[in-house]
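**Student:** Protein chains in written order, with the working numbering: chain S, 1 to 323; chain E, 324 to 646.
Bear in mind the hints are in silico, worked out from the structure with no lab data behind them.
Any given hint could turn out to be false.
DEER-style ranges, computed between Cβ atoms [to be verified]:
#: 1; chain 1: E; residue 1: 484; chain 2: S; residue 2: 39; range: 39 to 45 Å
#: 2; chain 1: E; residue 1: 484; chain 2: S; residue 2: 157; range: 21 to 27 Å
#: 3; chain 1: E; residue 1: 574; chain 2: S; residue 2: 67; range: 52 to 58 Å
#: 4; chain 1: S; residue 1: 110; chain 2: E; residue 2: 440; range: 53 to 59 Å
#: 5; chain 1: E; residue 1: 406; chain 2: S; residue 2: 174; range: 17 to 23 Å
Here a beta-carbon is modelled for each residue, glycine too, at the ideal position from N, C-alpha and C.
Number of protein chains: 2
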Amino acid sequence: MTSSLFDFHLPHAEPSTLVAFAENSLDRRSEYRAADCVEAAFAAANVHAFAFAGGKLVVKHDEQIVDPLFAPYELASLDPIADEAILLGYLKNGEPRLAIPVKADPDTLHEPLRAADGRTLYRQQMLGDDLLGQFAQASSLLTWNLNNRFCGKCGGANRSEIGGYRRVCEACGHTIFPRTDPVAIMLVIDIERDLCLLGRSPHFPEGMYSCLAGFVEPGETIEHAVRRETLEESGIRVGRVRYHASQPWPMPHSLMIGCYGEAKSFDIHRDEQELEDCRWFTRSETAEMLERNAATGAVSGTTSPPPKGAIAHRLMRDWLDWS
Amino acid sequence: MTSSLFDFHLPHAEPSTLVAFAENSLDRRSEYRAADCVEAAFAAANVHAFAFAGGKLVVKHDEQIVDPLFAPYELASLDPIADEAILLGYLKNGEPRLAIPVKADPDTLHEPLRAADGRTLYRQQMLGDDLLGQFAQASSLLTWNLNNRFCGKCGGANRSEIGGYRRVCEACGHTIFPRTDPVAIMLVIDIERDLCLLGRSPHFPEGMYSCLAGFVEPGETIEHAVRRETLEESGIRVGRVRYHASQPWPMPHSLMIGCYGEAKSFDIHRDEQELEDCRWFTRSETAEMLERNAATGAVSGTTSPPPKGAIAHRLMRDWLDWS
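Required output: the full structure, derived from the provided sequences and hints.
**Tutor:** Here it is as structure tokens:
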């Protein structure tokens, strides 16, 4: 059955399913939890938890496999912080899945244990897609909980409730919920000249170029954020904006909102604070960059794209395949 | 010039420009501010500020006009809290625009002053579109600043910097930025039967039905949030999801992300905690609801739609006009 509402050209089913951190089969039930849901989860048969040391994921690592899941008895030696356990949700078989911060030092773990941050996990493809999505959920919630130990309204101590999906002030009762920061990330296209606009932050690996991006501010639409950020960073005016895909980004807890923007000007006036370089790329330069990276990884002296799985990579790839 | 990237059917230019709170002509320059930007703004010629008492906007009100802008000399009698002044941005002529919380009691203001909350301002169309958008920005930032007087990490006192766009802990230096909560709001369509799915929260005005909605959670895509929330609230399974429009929603600081969803099931299993009713509406029932409302406002004993300017209204209207 077709409908003009859903009738648009896509090279594949749903771009948001083709980015890293997006898959997650857990049933969260975050609004339907009992006060003792964490205790009940830890008491369940076959329960497993992710463990985080100093914000990094602890994994059991050998040459063949990377296993990020710990049974409760395996956690004890890592010195878990029980009050801050996160209940992520439930597997299809009803098994609960948790995450817990531990006091162990991530830099002095003994083999086969190691600790890895989000960027490493995803660039080195250390986890399968579903586990990587669960890691993203866990890492975002853990960071938010650790950054909100005290009440912003009165300074009292907050306690974690319903598995880290709510924090309540012991003094004034003020209640807060997990934070997710929307970010507009855009590939701006010069339709007539068949060019796309990419920039280089000084923090990027050598040679890497990517889409421009910035936080959506309070009181603006996604489309307005795309136009404002592009103008601020590159001096390019944007007309039409088209949403393409979204991606959870757990560094620390963002929602990347990927859009195409139609350039209405050509001369770049780069924001020198934010960007080391900003320029137009032809279709073939962009295609070569993506293909070179797939074949060999970054090569010194050449340009390289954002890693596969990054929504910026998806926007570049789909521009080539799609228009 | 056309491109398949931007080639999709719209009954109008950009749906996100047709919702309340979306227009805002201020140049925010939030990333390019000096430490003394608020003092400099208050010292500028012709500067004006919004004043907020108990979270409500103070306006000068007579039978003809509603004026929400105060010159600095007019603020003194309202007892402004100078440390918490917000710099919203700059008008095209360079004039700064501020917002400031005041200690005056919103319930005992003297004529011609009154205080109005966001819902009243927008339902009664008390402000023009541009001022309403500036109000949304101001109200979101004020609420966030007031809810973050203390550091969540250590409990120390936070100070406001660069006009309320950053708060820094005096004790530990932890820095936080304004919060915007992404919400998925969706009109789910049964394409074959030509029906849309609407629900009634117990908090709605009598007879009102609207789109289902819920916060995007950490670690999920927009599309995943649409499917999860629809399933949780109505039991309906959603297949394809299409982004349509976004809207800033300053109660307190959300970003509404409006989508269409394609229903893959028909039998409704309503979440009785969240919804008082949930049902399918035919195209003609939906059209009558929107037309009745435009003609006469809500009529007792009949159904009514969300107010014009709400993104849910836009999703309903555009479904009728568009497919």
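**Student:** Broken hints, numbered, in rising order?
**Tutor:** 3
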